[in-house]
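So the protein sequences, as listed, match chains S and U.
Residue 172 in the numbering used here sits at position 172 of the first sequence, with consecutive numbering throughout.
So the number in the numbering used here is just where the residue sits in the second sequence, counting from 1, plus 1000.
Hints are supplied without guarantee of correctness; some may be wrong.
[Said to hold, decoys possible] When the alpha-carbon atoms are kept at most 27 Å apart in a straight line, the in silico BS3-like pairs for lysine-lysine are as follows:
no.	chain 1	residue 1	chain 2	residue 2
1	U	K1210	U	K1185
2	U	K1185	S	K154
3	U	K1210	U	K1154
4	U	K1154	S	K154
5	S	K185	S	K210
6	S	K185	U	K1185
7	U	K1185	U	K1154
Since the hints were made in silico from the structure, they are not lab data.
2 protein chains.
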Amino acid sequence: MPVSGKLTVVGVGPGPEDWITPATAATLAEADELFGYGPYLSRLPGRLGQIRHASDNREEMLRARQALAAAQAGRLVAVVSGGDPGVFAMAAAVCEAIETGPEAWRALDVAFEPGVTAMLAAASRVGAPLGADFAVISLSDNLKPWPLIERRLKLTSEADLVLALYNPASRARGQGADAAFAVLKSCRPLSVPVVLASAVGRPDERIVFKQLGDCDGAGIDMRTLIIVGASATRLIERPGRSPLVYTERFARSP
Amino acid sequence: MPVSGKLTVVGVGPGPEDWITPATAATLAEADELFGYGPYLSRLPGRLGQIRHASDNREEMLRARQALAAAQAGRLVAVVSGGDPGVFAMAAAVCEAIETGPEAWRALDVAFEPGVTAMLAAASRVGAPLGADFAVISLSDNLKPWPLIERRLKLTSEADLVLALYNPASRARGQGADAAFAVLKSCRPLSVPVVLASAVGRPDERIVFKQLGDCDGAGIDMRTLIIVGASATRLIERPGRSPLVYTERFARSP
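Bound conformation, chain S alone (with noise of 0.2 Å):
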């Protein structure tokens, strides 16, 4: 009988390597098998004897599967997500290969690593948006269908949190940016600021500050956050360089 190894869920942040926590790169030097998807792996520096599975984008499932057998098998393995794996990311499908896989996976030695999502990378550019409350909803309708994603739009807007929108471009039929911008005009003021945060991080990175009122879908691709303001939430503009947006700590009464 195999001893039983162990893994463990990391996520390798939106870009640099020095947004990866130290615990999360000596969870990657130490493993013995790396699981995820491709574009993450070949970021991340080798070790003789390391074998890496790379899948495509939309095998989560099976690749946590094949991580816990791997796991069970005895092997060190590491399921490598990109920002934080507990958001909208790896750790909720390992959770979920546990919960409907054979009963001995539940006895594994599994652990999960915080890491640096996307949303904060793309605040951290632009100075606070989220320094107030908000709700993070992603625009992917393929794994929900669109009325919930467009009634949460509706209900956090009539909170008046700022909203933080992940995976913008991945909607099945059309463009969940351009619908979500539809939906979010009709229930926040259009003065609003909206930052499109493309490729935080990466030497293609992109930052684009605009008013609710002139967004669409135009030059939103999957790589993209979008952040959208509340009614606390400010712009200033500084002369020579880009703007700061944050969002009040102080909010008054509905």
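Since chain S is already given, all that's left is putting chain U on it; use the hints.
Only chain U this time, still in chain S's reference frame:
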């Protein structure tokens, strides 16, 4: 006229050094002066010649202004938050100080470094409770009226979002967590999993699993991060191990 310095707002994560990103560690090592809440500063290794300005938890604006003045005087300044500086922390205070301060502060070199915020660390200890859409709300009514907090708890429940609740014990009068649970019990299934994560990453870390129906303010202090599940949040029992909590990635129509 003094050469202009630089101010960087950083977050040192919820606890251990191995959750501090290399980018933040480099900023801290280079800084001439550190400004922050005393307990955060005392966690950091010292450097000869580096000046530390420790201040109280409630002096964010004063601290921000002093740090900006030091940067204006040509110093390399780091403002130190716990967690991520952009989530209920110093980044918003620094932005507010810039907007309301002397015009010259808008010309300063100001940067923000992302970090591991408490909810990501708490989530990593139990699985993937934030694996689907969620909202992030501070229960402190120092900065906003309680009726607004209550309204946000209700609307985000109506939207069936997972909740990450910060500052559960700083309500000026009475227990924020106790009042919040009373609201949530009236608008969420009483069976949804709740995680009370205290002092995550510290020697006295404590994780408690409950159902919403059994929750009140007992045992909750200002170092507790509360995660309240949505209808899609599940708890997996594991023999000989603590349970996993995760939110299903798939969601059904409202």
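Hints, verified against the model:
{"no.": "1", "hint": "K1210(U) - K1185(U)", "in the structure": "holds (13 Å)"}
{"no.": "2", "hint": "K1185(U) - K154(S)", "in the structure": "holds (22 Å)"}
{"no.": "3", "hint": "K1210(U) - K1154(U)", "in the structure": "holds (20 Å)"}
{"no.": "4", "hint": "K1154(U) - K154(S)", "in the structure": "holds (14 Å)"}
{"no.": "5", "hint": "K185(S) - K210(S)", "in the structure": "holds (13 Å)"}
{"no.": "6", "hint": "K185(S) - K1185(U)", "in the structure": "violated (32 Å)"}
{"no.": "7", "hint": "K1185(U) - K1154(U)", "in the structure": "holds (10 Å)"}
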